[in-house]
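Chemist: The sequence shown maps to residues 1 to 459 in the UniProt record's numbering.
Please keep in mind that the hints were generated in silico from the structure rather than gathered at the bench. A portion of the hints provided could be inaccurate.
[What the hints assert, rightly or not] Below 25 Å or equal to it, Euclidean Cα-Cα: the simulated SDA-like pairs (lysine to any residue) are:
hint	residue 1	residue 2
1	Lys-356	Ala-18
2	Lys-97	Ile-231
3	Lys-123	Asn-179
4	Lys-92	Glu-106
5	Lys-357	Tyr-344
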Amino acid sequence: MLTDTIVEDFELHLHLAAELGKTLLNRNTELEEALQQMYATNQEQIQEIDYLTKQVELLREMNEQHAKVYEQLDSTARDLEVSNQKLVVESKVSHQKILGLTETIESLQSHVEDIQKQMEGLKKPELDPLERDAQQRALNSLPCLKELYDLRKYFVYDHVFAEKITSTEVSVSPMEEENEQLKKTLNTLQTQLTLERQRRATIEQEYSLVLRENSELEKDVSHLDNYKQCIQELETEVVELRQKSQLDNVFVSLVDNLLPESFLFAGKESSDIIHVPATKAHLNGPSSKLEADGTVLKRSSSETMLKIVSDEDLIQGHEQTCIRRAEAVRKRGISLLNEVDEQYNALQLKYEELLKKCQIPEGSLTNKAVQTKHPSPHQSENAAQYERTPSSGEPGAGIAELAATTTQGAVVKTTGPLGIAQPEYKVLFKEIFSCIKKTKDEIDQHRMKYKSTAQSQKM
Numbered sequence: 001m002l003t004d005t006i007v008e009d010f011e012l013h014l015h016l017a018a019e020l021g022k023t024l025l026n027r028n029t030e031l032e033e034a035l036q037q038m039y040a041t042n043q044e045q046i047q048e049i050d051y052l053t054k055q056v057e058l059l060r061e062m063n064e065q066h067a068k069v070y071e072q073l074d075s076t077a078r079d080l081e082v083s084n085q086k087l088v089v090e091s092k093v094s095h096q097k098i099l100g101l102t103e104t105i106e107s108l109q110s111h112v113e114d115i116q117k118q119m120e121g122l123k124k125p126e127l128d129p130l131e132r133d134a135q136q137r138a139l140n141s142l143p144c145l146k147e148l149y150d151l152r153k154y155f156v157y158d159h160v161f162a163e164k165i166t167s168t169e170v171s172v173s174p175m176e177e178e179n180e181q182l183k184k185t186l187n188t189l190q191t192q193l194t195l196e197r198q199r200r201a202t203i204e205q206e207y208s209l210v211l212r213e214n215s216e217l218e219k220d221v222s223h224l225d226n227y228k229q230c231i232q233e234l235e236t237e238v239v240e241l242r243q244k245s246q247l248d249n250v251f252v253s254l255v256d257n258l259l260p261e262s263f264l265f266a267g268k269e270s271s272d273i274i275h276v277p278a279t280k281a282h283l284n285g286p287s288s289k290l291e292a293d294g295t296v297l298k299r300s301s302s303e304t305m306l307k308i309v310s311d312e313d314l315i316q317g318h319e320q321t322c323i324r325r326a327e328a329v330r331k332r333g334i335s336l337l338n339e340v341d342e343q344y345n346a347l348q349l350k351y352e353e354l355l356k357k358c359q360i361p362e363g364s365l366t367n368k369a370v371q372t373k374h375p376s377p378h379q380s381e382n383a384a385q386y387e388r389t390p391s392s393g394e395p396g397a398g399i400a401e402l403a404a405t406t407t408q409g410a411v412v413k414t415t416g417p418l419g420i421a422q423p424e425y426k427v428l429f430k431e432i433f434s435c436i437k438k439t440k441d442e443i444d445q446h447r448m449k450y451k452s453t454a455q456s457q458k459m
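Kindly produce the complete structure, drawing on both the sequences and the hints.
Modeler: Right, dumping it as structure tokens:
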């Protein structure tokens with residue numbers, strides 16, 4: 001009876017392992033979906049960071065261009081200030097010249113007025129009799145001179161005579177000459193005054209333009225501070241986004257580097273670990289007993305219990321997870337299958353060791369083949385009553401107990417007249433491992449393709 005209970009416990013633990021594999025796959029798919037979402041958000045953040053970095057580069061270029069323009073404007077403003085100072089000095093000098101010229105003009109005008117008064121005073125007194133005779137002669141001689149000039153012009157051809165006639169010059173008073181010279185100087189001074197006024201007006205216009213340019217440059221300098229503040233704010237936003245992306249990458253790497261046990265039971269509490277009570281297997285048909293080292297060996301009915309879970313559903317679900325996993329590997333270079341593969345490899349090694357220990361020497365076997373029938377309804381009801389109870393041990397305690405119980409008991413492969421028939425759980429696990437190998441091969445192929453495409457893009 002002890003061996004029966006041990007074998008039943010062993011089979012129940014095998015069921016436990018199968019359910020653990022299922023939960024493993026479900027948990028793996030959930031984690032992969034979460035990782036895909038996180039990678040999608042990470043890629044969106046990276047795109048935002050690239051967009052912001054491009055905007056920052058554009059703003060920097062614009063800032064550099066503005067700085068160059070402002071440097072040029074500063075240099076031109078300095079040149080204009082220097083020229084403005086020169087023009088101010090020149091305007092002061094010209095103003096002084098104008099004042100001096102106005103003073104000279106006023107003095108000349110006063111002098112001219114004095115001369116005119118003197119001329120009027122000279123004209124008013126009575127003339128001497130000799131002077132009156134001279135004036136009358138001069139007046140009488142004027143028409144004679146005119147006639148002579150007309151004769152010379154039209155009739156006279158003797159140049160000597162003409163020169164003698166024209167050589168008689170009329171004497172001009174020196175006061176009139178001075179008056180004419182003063183008039184000429186007045187005209188020149190007036191023209192110079194007008195020119196100086198025009199020049200002063202142009203200088204004032206240039207000075208107003210320079211003042212306007214200086215005010216515009218001051219406004220541009222005030223806008224420069226605002227641009228600098230905007231650039232600093234954008235740089236701080238870029239730094240914050242980069243820190244967020246780094247934190248996301250660190251979280252993803254932590255999720256990828258989880259230990260197998262923490263990966264198995266990351267989202268569940270310790271109270272959710274499955275505990276299956278031991279049930280006795282009541283066989284309706286005749287059961288064959290094998291005596292080997294004082295132990296009674298029976299074939300358990302748990303093989304029929306495994307038929308509850310359809311193999312096709314498991315294979316289809318696993319193939320779908322493999323397809324999703326391959327798509328995830330295409331999108332990103334990180335996969336969590338390595339840890340799952342290691343766990344399944346460890347389970348496979350343990351099951352092979354158990355099967356080797358369970359093999360009985362050929363001499364100790366009887367001629368009767370160990371056969372089992374389908375379980376009774378009472379047995380199926382007892383086997384279906386699985387309860388979830390809190391376990392005080394570690395997450396892998398069920399597998400460790402399974403390995404410990406095999407040292408006390410043994411399981412025999414079923415043999416029939418046609419040959420050796422393997423248990424159903426072994427076939428199921430072989431299918432699982434074959435699917436895992438296929439997915440590994442597909443992942444390797446996708447990685448090779450990804451590497452080749454990356455190298456071709458670099459070239």
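Chemist: Against the 25 Å threshold, does the CA-CA distance of Lys-356 and Ala-18 hold or violate the hint?
Modeler: Measuring from Cα to Cα gives roughly 20 Å; hence the hint holds.
Chemist: Straight-line Cα separation of Lys-92 and Glu-106 no greater than 25 Å?
Modeler: 21 Å, holds
Chemist: Checking one constraint from the list: CA of Lys-123 to CA of Asn-179, max 25 Å. Satisfied?
Modeler: Distance of about 16 Å is within 25 Å: holds.
Chemist: Going straight from one Cα to the other, do Lys-357 and Tyr-344 come out at no more than 25 Å?
Modeler: 20 Å, holds
Chemist: Is Lys-97 close enough to Ile-231, meaning Cα to Cα at most 25 Å?
Modeler: 55 Å, violated
Comparing the model with each numbered hint stated earlier shows that hint 2 is the single one that does not hold.
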